Amino acid sequence: MENQFEVKQDGAILSIVLGNELTTVNAPQLMDELNKYRDKGIEKVVFDASKLTYIASSGVRVIVFAKQKLGGDPVIEFVNCQKDIYDIFELIGVQDYIEFVEK
Amino acid sequence: MQRVDLFPTHEYQGLKLRTGRPYPFGATVVGNAVNFSIYSRYATDCTLVLFHNHEEEPFVEIPFKKEFHLGNVFSMMVFDLDYENLEYGFRMDGPFDPQQGHRFDKTKILMDPYAKLIVGRDVWGKQPDWNNKYQYRSRVVFDDFDWGDDLPLETPVNDLVIYEMHVRNFTCGAASGVRHPGTFAGIAEKIPYLKELGVNCVELMPIHEFDEFENSRPSPVDGHMLYNLWGYSNVGFFAPKAAYASTGKFSMQVDELKNLVKQLHANGIEVILDVVFNHTAEGNENGPYISYRGIDNKTYYMLTQDGYYFNFSGCGNTLNCNNPNVRDMIVDSLRYWVTDYHVDGFRFDLAAILGRDQNGCPMSNPPLLESLAHDPILGKTKLIAEAWDAGGLYQVGSFPSWGRWAEWNGKFRDAMRRFLKSDEHVLDDVKERIIGSPDLYASQNRGIKASVNFITAHDGFTMMDLVSYDGKHNEQNGEDNRDGEDRNNSWNCGWEGECDIESINYLRHKQIKNAVTMLMTSQGIPMVLSGDEMGNTQWGNNNAYCQDNEIAWLDWNNLEKNADLFNYYKKIIKFRRMHKVLRYEYHLGHNDYRNLGYPDFSWHGVKAWQPWTGYNNLTLAFMLNGQYADYDGTPDDFIYVAMNMHWDMHGFELPQLPEEYKWHVFANTEMAPPADICEPGEEPVVENQGEVLVAGRSIMVLVGKKPVQKKKSKKVKKTND
Numbered sequence: 001m002e003n004q005f006e007v008k009q010d011g012a013i014l015s016i017v018l019g020n021e022l023t024t025v026n027a028p029q030l031m032d033e034l035n036k037y038r039d040k041g042i043e044k045v046v047f048d049a050s051k052l053t054y055i056a057s058s059g060v061r062v063i064v065f066a067k068q069k070l071g072g073d074p075v076i077e078f079v080n081c082q083k084d085i086y087d088i089f090e091l092i093g094v095q096d097y098i099e100f101v102e103k
Numbered sequence: 001m002q003r004v005d006l007f008p009t010h011e012y013q014g015l016k017l018r019t020g021r022p023y024p025f026g027a028t029v030v031g032n033a034v035n036f037s038i039y040s041r042y043a044t045d046c047t048l049v050l051f052h053n054h055e056e057e058p059f060v061e062i063p064f065k066k067e068f069h070l071g072n073v074f075s076m077m078v079f080d081l082d083y084e085n086l087e088y089g090f091r092m093d094g095p096f097d098p099q100q101g102h103r104f105d106k107t108k109i110l111m112d113p114y115a116k117l118i119v120g121r122d123v124w125g126k127q128p129d130w131n132n133k134y135q136y137r138s139r140v141v142f143d144d145f146d147w148g149d150d151l152p153l154e155t156p157v158n159d160l161v162i163y164e165m166h167v168r169n170f171t172c173g174a175a176s177g178v179r180h181p182g183t184f185a186g187i188a189e190k191i192p193y194l195k196e197l198g199v200n201c202v203e204l205m206p207i208h209e210f211d212e213f214e215n216s217r218p219s220p221v222d223g224h225m226l227y228n229l230w231g232y233s234n235v236g237f238f239a240p241k242a243a244y245a246s247t248g249k250f251s252m253q254v255d256e257l258k259n260l261v262k263q264l265h266a267n268g269i270e271v272i273l274d275v276v277f278n279h280t281a282e283g284n285e286n287g288p289y290i291s292y293r294g295i296d297n298k299t300y301y302m303l304t305q306d307g308y309y310f311n312f313s314g315c316g317n318t319l320n321c322n323n324p325n326v327r328d329m330i331v332d333s334l335r336y337w338v339t340d341y342h343v344d345g346f347r348f349d350l351a352a353i354l355g356r357d358q359n360g361c362p363m364s365n366p367p368l369l370e371s372l373a374h375d376p377i378l379g380k381t382k383l384i385a386e387a388w389d390a391g392g393l394y395q396v397g398s399f400p401s402w403g404r405w406a407e408w409n410g411k412f413r414d415a416m417r418r419f420l421k422s423d424e425h426v427l428d429d430v431k432e433r434i435i436g437s438p439d440l441y442a443s444q445n446r447g448i449k450a451s452v453n454f455i456t457a458h459d460g461f462t463m464m465d466l467v468s469y470d471g472k473h474n475e476q477n478g479e480d481n482r483d484g485e486d487r488n489n490s491w492n493c494g495w496e497g498e499c500d501i502e503s504i505n506y507l508r509h510k511q512i513k514n515a516v517t518m519l520m521t522s523q524g525i526p527m528v529l530s531g532d533e534m535g536n537t538q539w540g541n542n543n544a545y546c547q548d549n550e551i552a553w554l555d556w557n558n559l560e561k562n563a564d565l566f567n568y569y570k571k572i573i574k575f576r577r578m579h580k581v582l583r584y585e586y587h588l589g590h591n592d593y594r595n596l597g598y599p600d601f602s603w604h605g606v607k608a609w610q611p612w613t614g615y616n617n618l619t620l621a622f623m624l625n626g627q628y629a630d631y632d633g634t635p636d637d638f639i640y641v642a643m644n645m646h647w648d649m650h651g652f653e654l655p656q657l658p659e660e661y662k663w664h665v666f667a668n669t670e671m672a673p674p675a676d677i678c679e680p681g682e683e684p685v686v687e688n689q690g691e692v693l694v695a696g697r698s699i700m701v702l703v704g705k706k707p708v709q710k711k712k713s714k715k716v717k718k719t720n721d
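Protein chains in written order, with the working numbering: chain A, 1 to 103; chain B, 1 to 721.
A hint or two may mislead.
Unchecked claim - Computed footprint of chain A on chain B; a stretch qualifies when at least three of its residues, placed anywhere within it, have a C-beta under 8 Å from a C-beta of chain A: (1) 247 to 256; (2) 623 to 636.
Said to hold, decoys possible - Over the 12 Å line for every Cβ pair with chain A, so calculated as not near, a few chain B residues: (3) ASP129; (4) VAL140; (5) ASP144; (6) ASP648.
Because the hints were derived from the structure by calculation, they are not lab data.
Please read these numbers as outputs of a predicted model, since none were measured by experiment.
Cβ atoms here follow ideal geometry from the backbone N, Cα and C, with glycine treated the same way.
Use the sequences and the hints to build the structure in full.
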């Protein structure tokens with residue numbers, strides 16, 4: 001499982017590649033990484049979810065954190081999100097936070 | 001910087017520990033630790049048992065050290081646990097002496113009574129591994145759901161129209177058209193439907209974790225599986241039913257349910273939970289060890305002097321609700337559902353049990369009920385009692401309320417059903433029910449808002465079956481038709497069961513419209529059984545508790561088949577919500593105490609102002625004076641309802657209205673659709689302002705108001721220029 005996340009910053013855009021799973025095992029690390037960009041004028045966070053097959057509650061919290069706590073109400077983009085993951089977002093009501101993009 | 005009180009002080013098999021915090025009970029994430037706390041008065045030792053998700057064997061069992069045992073509470077913090085990949089339970093040691101009420105058995109792994117997430121029955125109907133020694137597994141919840149600005153809606157109780165529904169039955173039917181049938185998400189998909197119907201409160205039949213396999217068995221009639229579908233048998237009081245969430249298999253049921261509540265609130269719909277605090281799923285002496293009996297049997301259950309279980313619930317055991325510690329658990333549970341799930345109210349199943357003392361005797365001032373009535377967090381939460389129990393205690397009208405508790409008014413159901421089928425000598429009773437049952441609720445400042453009126457509920461016939469069956473047909477339940485209520489006050493309109501006879505089907509539809517008109521024009525809080533609005537049938541089964549199939553599931557094809565019923569329900573609900581004169585909070589004066597020219601409420605008969613109860617006591621009319629519902633400078637209209645449950649037509653002389661007012665007809669159940677009911681506010685004027693003819697077994701609803709002046713359109717003169 002991917003426990004280290006590389007966050008790339010390009011101006012006001014952050015890009016993160018997610019691994020197979022985002023759970024309590026690795027979500028805190030991602031949260032820590034994102035926390036470094038709090039109130040730094042981030043306008044968009046792009047998650048590459050091409051490999052993501054499982055997300056737990058703690059993973060969802062990181063997405064909500066990015067939207068609500070980074071400051072500036074950034075756009076949250078999920079690239080290549082698989083249907084199972086999308087369904088979970090929808091069922092627990094966070095899909096409205098996220099723009100889903102196929103690349 | 002690390003807090004001193006969050007620093008490990010002990011170690012056990014590589015896990016860091018310290019003395020826990022006794023409160024709150026249950027498992028709570030505190031910093032990088034999980035605090036485990038459990039109460040047991042009589043246990044001598046306790047061990048925390050930790051599993052990785054779904055694993056048969058625990059990865060560690062940690063005894064609570066002596067210093068972790070304060071008073072009667074075992075509490076311990078365990079650091080650096082991967083709590084999303086963690087299931088936990090307890091082993092309790094203590095005396096096994098059933099005669100003294102003790103049933104400790106340290107070979108059993110026990111669920112936490114405060115578990116906020118329970119796994120083991122995550123996908124509905126999926127056979128569990130029966131050899132697994134720990135069936136219902138506690139899990140840890142880290143709550144940070146984003147509620148935005150949502151809160152309980154606090155809709156005035158007298159403005160509610162309650163819709164009693166079951167999570168699975170509502171959308172499991174093949175024609176429901178939802179993507180996630182039988183789940184919280186399925187309900188969310190149907191919110192537009194609920195809004196169109198016009199209800200503003202859903203009452204969910206039990207959604208606490210239960211086991212659908214409890215007493216499951218193949219039907220002796222046709223072999224199909226019978227399940228514990230309704231769920232009136234709690235495994236845990238803090239956890240939502242995992243299999244009611246489409247995300248239950250990912251253990252995200254907490255989020256899915258919260259999302260449903262949030263969406264319902266955003267659409268102006270409250271959520272009431274049907275809660276079952278009278279017993280648990282552990283059954284009697286022969287039942288399984290799930291939690292309570294192994295943790296502290298003598299505390300949690302009412303026991304006879306010989307240590308047997310009292311059975312006031314009819315389900316094998318009775319929760320010892322007025323034991324102070326059990327009482328605290330119940331209060332904690334209710335507070336939790338209000339604070340963490342934002343639910344708006346509770347309906348208490350067999351609530352009379354909550355007023356029994358530890359020996360089973362009814363108390364005049366039960367401390368639990370008083371606590372709930374005055375609880376600060378539940379201060380604006382709706383509290384509704386099913387004011388009877390299986391031990392024969394019937395408290396409709398006398399449930400200890402402190403002015404806070406409402407009741408399911410079973411007397412409303414019985415009187416209206418009898419009137420509907422033209423029983424004689426029921427009119428006096430019916431009149432009490434129409435005006436909000438003052439005989440039951442005028443005392444203790446309870447008022448009309450204490451009366452939850454209903455004609456059908458999950459127990460008993462659906463509305464369509466009430467007018468289609470004389471007797472119950474529960475053979476499919478496999479109990480030789482012995483289960484279920486025998487006294488249904490139903491009438492089949494001339495044929496037992498479904499038929500193709502047009503006149504009978506017409507009468508049945510009319511009777512359903514009569515019933516819902518009685519319900520919506522009576523004072524009190526109306527409750528509709530889910531599916532009645534589309535003519536749902538259970539084919540005469542009046543106790544479909546085990547029928548997880550087409551018998552209990554709503555058939556959404558009925559929406560088209562019985563479109564007239566849905567249209568009628570929709571409009572009569574809208575009518576009620578438009579007219580505050582139908583929604584008084586307190587009982588009426590029956591006189592003109594403000595000198596407005598008419599009393600606030602008056603009874604009539606076939607003659608105006610003469611409530612003569614002729615024709616076998618089967619005719620009555622009443623008038624509400626909307627001027628008395630003027631709280632904000634906008635008086636309501638006059639409303640007149642003529643009910644003729646006699647089988648012949650009768651003329652009803654109409655009370656004369658103030659000058660410039662005219663009677664308009666809103667509904668006439670005798671008429672074929674669409675003339676049976678009109679859009680509220682667009683009622684046509686009654687031709688004969690002196691009398692209306694009401695057909696046999698029919699109801700007319702009139703509105704007294706100033707006719708809307710139609711604007712004259714200006715004629716444009718043609719000119720030749």
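Each hint tested on the structure:
no.: 1; hint: 247 to 256; result: holds (count 7)
no.: 2; hint: 623 to 636; result: violated (count 0)
no.: 3; hint: ASP129; result: holds, 22 Å
no.: 4; hint: VAL140; result: violated, 10 Å
no.: 5; hint: ASP144; result: violated, 6 Å
no.: 6; hint: ASP648; result: holds, 56 Å
Checked against the numbered hints given earlier, the structure breaks hints 2, 4 and 5 and satisfies all the rest.
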